[in-house]
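Asker: Residue 819 is where the sequence shown starts when you use our numbering, and the numbers rise one by one after that.
Derived by calculation from the structure, the hints in this document are not laboratory data.
Every residue gets a Cβ at the ideal spot worked out from N, C-alpha and C, and that includes glycine.
One or more hints might be untrue.
Under the rule of at most 20 Å between Cα atoms (straight-line distance), these lysine to aspartate or glutamate pairs were calculated in the EDC-like manner [as the list claims (entries may be wrong)]:
no., residue 1, residue 2
1, 883, 901
2, 852, 868
3, 883, 873
4, 852, 841
5, 852, 873
Derived Cβ-Cβ restraints for the label pairs, each shown as a range [to be verified]:
no., residue 1, residue 2, range
6, 843, 905, 14 to 24 Å
7, 825, 874, 21 to 31 Å
8, 903, 837, 27 to 37 Å
9, 819, 874, 33 to 43 Å
10, 843, 823, 19 to 29 Å
11, 902, 822, 38 to 48 Å
12, 837, 860, 19 to 29 Å
13, 868, 820, 54 to 64 Å
14, 842, 904, 41 to 51 Å
15, 837, 889, 19 to 29 Å
16, 899, 837, 28 to 38 Å
17, 842, 880, 28 to 38 Å
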Amino acid sequence: MPLSAAERSLRARLAAQSRWSRESPHGPDSTPAKARAGLERRFYEGIPEDLPPAERDRRAASARKAYFTRLALASAKARRAREAARRAPSTPDSETA
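Produce the complete structure using the sequences and hints provided.
Answerer: This is how it looks when you write it as structure tokens:
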């Protein structure tokens, strides 16, 4: 029998809490720290290394802002589409001819 949404949420919470009971979510070797470092590296890709560090940091900050703005735009579009689909009148297949 499939789990309900609430049961899936509880199972995921249990897994996360069990994991963090065995490892520290803080520190330089933690999984979240590695993920943050990897994401940060992504913003520096394509920036010439011969630029001064301040300019590289400025460009990476702009790339970071663009990335998260792009995510926000995609999220807004998805919410709008979901809302439009929810508001659209549904017609059963038997009535369409």
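Asker: So, for every hint listed, does it hold in this structure?
Answerer: Evaluation of the provided hints:
no.: 1; hint: 883 <-> 901; verdict: violated, 27 Å
no.: 2; hint: 852 <-> 868; verdict: violated, 26 Å
no.: 3; hint: 883 <-> 873; verdict: holds, 15 Å
no.: 4; hint: 852 <-> 841; verdict: holds, 14 Å
no.: 5; hint: 852 <-> 873; verdict: violated, 24 Å
no.: 6; hint: 843 <-> 905: 14 to 24 Å; verdict: violated, 41 Å
no.: 7; hint: 825 <-> 874: 21 to 31 Å; verdict: violated, 48 Å
no.: 8; hint: 903 <-> 837: 27 to 37 Å; verdict: holds, 36 Å
no.: 9; hint: 819 <-> 874: 33 to 43 Å; verdict: violated, 55 Å
no.: 10; hint: 843 <-> 823: 19 to 29 Å; verdict: holds, 26 Å
no.: 11; hint: 902 <-> 822: 38 to 48 Å; verdict: violated, 28 Å
no.: 12; hint: 837 <-> 860: 19 to 29 Å; verdict: holds, 25 Å
no.: 13; hint: 868 <-> 820: 54 to 64 Å; verdict: holds, 56 Å
no.: 14; hint: 842 <-> 904: 41 to 51 Å; verdict: holds, 42 Å
no.: 15; hint: 837 <-> 889: 19 to 29 Å; verdict: holds, 26 Å
no.: 16; hint: 899 <-> 837: 28 to 38 Å; verdict: holds, 34 Å
no.: 17; hint: 842 <-> 880: 28 to 38 Å; verdict: holds, 33 Å
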